[in-house]
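Peer 1: Sequence:
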Amino acid sequence: HLDVKVRPLFTLGKEQVSRKISLSSSAANTLHQTALSIEDSPLKDSLEKLSKRFKD
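In the numbering used here, the protein residues as written are 14 to 69.
Hints may contain errors.
[What the hints assert, rightly or not] With beta-carbon atoms standing in for the labels, derived distance ranges: (1) D58 - S37: 38 to 48 Å; (2) L15 - S50: 47 to 57 Å; (3) L15 - D53: 44 to 54 Å.
By construction, these hints were calculated from the structure, which means they are not laboratory data. Built from N, CA and C at the ideal position, the CB exists for glycine as well.
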């Protein structure tokens, strides 16, 4: 019997920079239209959230 334990060498913490995604209004509209055409699911929710990230 052999037990193996692994510890990652990196840690996810506060030092990571959040990268916001900006979309053109055309891309945002396309994502919104796609979300409207699919049934309720995590994918639909994600597309709707992503479609709200457009540049003015």
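Peer 1: Under the constraints set out in the numbered hints, which ones does this structure not fulfil?
Peer 2: Number 1 only.
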